[in-house]
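Each chain, letter by letter, is given below.
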Amino acid sequence: MGDALPHPELVAAIPRLRRYARVLTGESTRADDLVQDTLARAWEKRRLWQAGTDLRAWLFTVMHNVFVNQRALARREALNVSIDAEGDAGEVWQIPVRPAQLVRVELAELLERVGRLPAEQREVLLLAAVEEMKYEEIAIVLDVPIGTVMSRLSRAREKLRRMETDAPAPLRMVRRP
Amino acid sequence: MTRPITDEELTAYADGQLAPERAAALEAAIAADAALAERVAAVRAQSAALREGFDAWLGEPIPSRLLAAAVPPAAAGPWRAWRPFLALAATLVLGLATGWFARDALLERTGTPTTFARSAAFTHALYAADQRRPVEVGANEEKGLVTWLTRRLGVQVHAPDLSSVGFALVGGRLVAGHEKPTALLMYENAEKQRLTLQWRRNDPGVDETAFRYAIENGVGVFYWIEAGCSYALSGRVDRAQLLAIARVVYGQLAAAQARPPAAN
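Protein chains in written order, with our numbering: chain A, 1163 to 1339; chain B, 261 to 524.
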């Protein structure tokens, strides 16, 4: 009805959706656009959500699909304009690291290193290490076999570890191609 | 224990997600090999650092456009034309049912106190349930917190001392509410029950009100308007207890406002 309030469970999920969206898009404004599109899609498809199951995992699934579809569409459009559309435009990490929010500078550097991973490795890292989801749940969210989840995760962790030991690159606030 | 251990398995083991039979085999291998043990520890340390780093993002205020996107979409079709009337009717019914007067319904139409109480209830539900990061600035930095909130609200903020009713300040944060910054102060008692006091400045011309009570999804809210500000005290405690605490808050704020600003 007219005086409807934001749905409390959805509101509670928004900070985690924003975080996932930032990890996917690598950019704050596009991330919030993605969250908004995801919430709209979730309302449209709300009958597909089974009450009693994990709402967060379902919303992540919806977000992942919205992201993949939008990216495919953007690539097709880009191809009409130019053949040089190979790069993952918009997936370059542009999230400013705000030291005020981070207690330690090592953490800011860690997030910056995460930004240098491909989007598909970033998302599996977020879902497994940060959200602490089960590999089976992640496989459902990403719609890939569980073996793929495990190999992406292990590669992501290994790359992160190597970046840390190899090149102590200076902390850059914004990276562009 | 003949099959070699893959990187995937080691990661899964560190994440506690390897099938039990295989996990037992890895456990034995790790016990016998310091280098393996070190790799497992490194994966776990990496996860902990990632959680700490990425959790910092969770405390950011939610933009109003995303809150709006969390509102159930309006009923389609012929209902649409009836919406303003239905909204008013619903407000009136709700108002009568909970003992509010028509004046409140009108106030809500023009934009506030009851909307404020409801948004206070869900903001409370959101942050009071957060175990890791319920507040942005802790009570150990109370002075800085008060200064910051005062500056953002444009009105002097005080953090009432609720020790007489068994609650201690946890800290506070700024939250987004109806195009206006709202200060949130959180308190906790020995039973880990949490209360929030939310506070924001009103537009000129909003009438003062006595204490009013509302309950939303199990969160009780006492709210009132005084000296150009709206206040809401929320918590999952019973009405009588919440009222008693609201009186303490009210009394302390009145006393603080009567004091000259130089006293701070």
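No lab work stands behind these hints, which were simulated from the structure alone.
Each residue gets a CB set at the ideal place from its N, CA and C atoms; glycine is no exception.
Don't take every hint at face value.
[Unchecked claim] According to the in silico footprint, chain B covers these stretches of chain A (three or more CB under 8 Å from chain B):
| hint | segment |
| --- | --- |
| 1 | 1168-1181 |
| 2 | 1195-1205 |
| 3 | 1270-1276 |
| 4 | 1301-1308 |
| 5 | 1314-1323 |
[As the list claims (entries may be wrong)] Over 10 Å on every C-beta distance to chain A, these chain B residues come out as not near it, computed from the model:
| hint | residue |
| --- | --- |
| 6 | A272 |
| 7 | L327 |
| 8 | N400 |
| 9 | E401 |
| 10 | G426 |
Of the hints stated earlier, which fail here?
4, 6, 7
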